[in-house]
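Novice: Listed below are the residues making up each chain.
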Amino acid sequence: MHELSLIASVFDVLEENARAHGAARVTKVVLQVGRMSGVVPDLLESAFDTYKQGTLAEGARLEIVDVPVRLRCSDCGGEAAREDSDFSCAACGSRRVEIVAGRELVVERIELETDGA
Amino acid sequence: MTTKTISVLQDLLATNKQAAAAIRQELSSRGILCINLLSSPGSGKTTLLESLADRLRGRYRMAVIEGDIETERDAERIRAKGIPAWQITTGGACHLEARMIGRVLSHVPAAIDFLFIENVGNLVCPASYDLGEDLRCVLLSSPEGDDKPAKYPQAFLSADCLILTKADLVPYLPFDPAKAAAEALSIKPGLRIFTVSALRGDGVDELAAYFAEALERLRSARA
Chain A
0 MHELSLIASV FDVLEENARA HGAARVTKVV LQVGRMSGVV PDLLESAFDT YKQGTLAEGA
60 RLEIVDVPVR LRCSDCGGEA AREDSDFSCA ACGSRRVEIV AGRELVVERI ELETDGA
Chain B
0 MTTKTISVLQ DLLATNKQAA AAIRQELSSR GILCINLLSS PGSGKTTLLE SLADRLRGRY
60 RMAVIEGDIE TERDAERIRA KGIPAWQITT GGACHLEARM IGRVLSHVPA AIDFLFIENV
120 GNLVCPASYD LGEDLRCVLL SSPEGDDKPA KYPQAFLSAD CLILTKADLV PYLPFDPAKA
180 AAEALSIKPG LRIFTVSALR GDGVDELAAY FAEALERLRS ARA
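Read top to bottom, the protein sequences are chains A and B.
Sequential numbering from 0 applies to the first sequence in numbering that gives the first Met the number 0.
Sequential numbering from 0 applies to the second sequence in numbering that gives the first Met the number 0.
It cannot be assumed that every hint is accurate.
Unchecked claim - Within a straight-line C-alpha distance of at most 30 Å, the following computed DSS-like cross-link-like pairs (lysine-lysine) qualify: (1) A:27 / B:3; (2) A:27 / B:16; (3) B:150 / B:178; (4) B:16 / B:150.
The set of hints was computed from the structure by calculation and includes no laboratory data.
Remember, predicted model here, so these are calculated numbers, not experimental data.
Taking the hints into account, I'd like the entire structure generated from these sequences.
Specialist: Written out as structure tokens, the structure is:
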């Protein structure tokens, strides 16, 4: 349940970028959330909707990009996505695998609106 | 009115990762091994620290940073053992973050060997936050059940060592230590596993030896 503190970090990123680009509003936020990131997308959405009130992102929509877990095998070099919590190589069964994706908590892109021409 | 899309690609945990890296560097330059203890509430983190305090006394010096939502209770228990301890009360937050540790760091005496961080009791959120530790230990107590590793994979994946606690209760519970260990190893091969009863002191010397070896490695890498 640390979704609210993560959303606070999202707003730091939004404010910094809006200022840098002279924008008046943020209209959309795209977040990459890995399946192994330890956060629940639904809770992130509720936290975002609560936090945005009275901010420059008041009318913004949060889009969450779900990032599946991908493993790279240290033995056969194969790389594949894993749906379940089986942390072994899909090709050779080795357990010497490295998680190459699925831990993301990243602000991918944002949409800004600027007043005037 | 114009609209534009900006590619940001900013990691939300970047600030925490930077703070953790600074702590790791600071402690390593002082020759201090930092150990982050992570587990559910009531799994025996504080009792294990009390037992370690007794076992390490006279050979190694330790200090403890306690994380809890409320109260100084855990820090008081550690201080009663003659060990310096600082309590961080998060006031509701479910985990410790690196900057909270950073604020306490200046109080930590230079002449210690081990700095233990007892995280807020929670097997989920603390797993996402690097605190600048050298070793992350997950505790799993026998009353919790041997099916927990697969239910909370992130905690076990991020750990260096698993400590099965309350081994003295195993005869009374449907807890199979071999099953818990096998499940944890299937998630994190190479995980070091210790079985302890902190109340009786069983297995605590083996765990202390593991910490001492890691301390030696840290100091020889620095030399």
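Novice: Each hint needs a verdict: does it hold in this structure or not?
Specialist: Structure-based check of each hint:
Using a Cα cut-off of 30 Å, the hinted pair residue 27 (chain A) and residue 3 (chain B) holds, with the two alpha carbons roughly 10 Å apart. With a C-alpha separation of about 26 Å, the suggested pair residue 27 (chain A) and residue 16 (chain B) falls inside the 30 Å cut-off, and the hint holds. The hinted pair formed by residue 150 (chain B) and residue 178 (chain B) meets the criterion: a straight-line CA distance of about 14 Å does not exceed 30 Å. Distance hint between residue 16 (chain B) and residue 150 (chain B) is fulfilled; the C-alpha atoms sit about 26 Å from each other, no more than 30 Å.
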